[in-house]
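*Asks:* Protein chains in written order, with the numbering used here: chain L, 1 to 338; chain A, 1001 to 1125.
Honestly, I wouldn't trust all of these hints.
[Said to hold, decoys possible] Pair ranges (Cβ atoms, derived):
{"no.": "1", "chain 1": "A", "residue 1": "Glu1050", "chain 2": "L", "residue 2": "Ala289", "range": "34 to 42 Å"}
{"no.": "2", "chain 1": "A", "residue 1": "Glu1117", "chain 2": "L", "residue 2": "Gly334", "range": "19 to 27 Å"}
{"no.": "3", "chain 1": "L", "residue 1": "Thr290", "chain 2": "A", "residue 2": "Glu1050", "range": "28 to 36 Å"}
{"no.": "4", "chain 1": "A", "residue 1": "Ala1032", "chain 2": "L", "residue 2": "Glu13", "range": "54 to 62 Å"}
What the hints contain is simulated information worked out from the structure, not anything from laboratory work. Where a beta carbon is used, it is the ideal one built from N, C-alpha and C, also for glycine.
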Amino acid sequence: MGPFSAELEAALERWSPRTRKLFVELMEDATSELQQELVQRSVLAGHTPGEVHAFADELRSLSDEECFEACTVDDAAPEGYTVAQLLRAESDPLFAFELNGGVISPNDSDVGPSLVEPPKKEAMDVADDRGLAADPVRRAKEQRRGFNVESGSHRSVPRRDPEHVGDSGSHRALQRKEQGFTSGPQRAIQRGEVELGAGPVAASVHVAVPMAISGARFFEDLLGDATRGLGFSWKEQEIDAMGGLTLDEALRQAQAALGRGIPVPFLLGNAQAKPLRFVLMLQGSTSGATRAYQLYEPSSQELVWANEKTILSKGELPFDNKALRRFLRVALPGPRGL
Amino acid sequence: MAAARPQPSAPFAGRELNGEQLLDELAELRTAQVSPRHLEELARSLRELEGRRAPEAASQLKQLALNRFAAQPALASLLTRWAGRLKADVDVPLLVGHLERLAIVSAVLGAFRKGAERLPKGGRA
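Use the sequences and the hints to build the structure in full.
*Replies:* Take a look at the structure:
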């Protein structure tokens, strides 16, 4: 299999020999050129070998039409997604897959180096320059457009039935399972376990490393576990960071969630963006042109009202701990619940 | 002329209903060792109250307190108290929302406690 593009070869050089071998097998197992392209793009986007493996396993059971629908959000973007998210989804099919509600189950034993830089613009331009015929994703996009025009139908995003995930797969996939490469039991992706690990060292490393691995999660998995019985899912987003939400957008989406009766968890940090405390936004209040949010900080048990302007200006928040100034992350609830 | 919009009763109109009061109730339930699972079960039970008028909803809440949550006296007491405060139909969805928030906040704070170890100095920095 191969040779691969220079960008992909460079990305794979950061993987261990074992996971590189796995990647070659995934390419061989892919049932179409489109699947191969999507898996390769997920590597270029900087995902871990475990995530790429789980993603490839998911794609294998889909037709090209379904793969394309599951990995693109461009022409039927659900409301509430930001431009930053949609742009990232363009270059990162795994991100788009998750944005569309897809779930992957990375196996922790697949963890390897994932310090791959995200695809540089030049790399993406090179990919585009290969032309329509050479790019299966673009080709599928064009074919899909034609399909839509003829059928006049609305695009629907397939939602994978978790009960059936992993049921399909090739003989080689089964071999990998025996070798310990299996995706493991079905569960939502829990990057906190895979990339962040546990403990303050991992957490503090997080803020100092490049964006390629700053996608580590602080609380998405824990919130998901805690509220599963209530029918909630959460999506953790960085604030004012590449690929994340602006603070203004985060507050706007938080306000929408509060309007649905759902309190919104945030991670606060100091002025240097060091993560310090979890806080829960309980409610908002508007008086004329002024808006304020009520925040509860459980470790100090402080309940405060903070003016939106103060939050947006990263000014001093009304907590005893004056180091708490910046909203670093937010966990936004999914569309379902209760 | 449009009819005046029905106003909620006083206990449901306060700004701190889903703020300080909610946290006070949660502390009371936690002290009484009512688990998030019980609140989760309560939140599911509240679906039966949707679209009910105030007297019916109050009666159903009392039934829940007497039957399903009889083994959790603190929770049963809370439900009985709230049932007695339901006066107008518009109070019902506000109470349902309040009790659902109680379940959500309880679960989220549990997740925060577990997640604190991922923060520098276990979230005490």
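*Asks:* Run every hint past the structure and note whether it holds.
*Replies:* Right, here's what the structure says about each hint:
1. A:Glu1050 x L:Ala289: 34 to 42 Å: Because 35 Å falls inside the window, the suggested range holds.
2. A:Glu1117 x L:Gly334: 19 to 27 Å: Check passed, 25 Å falls within 19 to 27 Å.
3. L:Thr290 x A:Glu1050: 28 to 36 Å: With a Cβ separation near 34 Å, Thr290 (chain L) and Glu1050 (chain A) satisfy 28 to 36 Å, so the hint holds.
4. A:Ala1032 x L:Glu13: 54 to 62 Å: holds (58 Å)
The earlier numbered hints are all upheld by this structure, with none contradicted.
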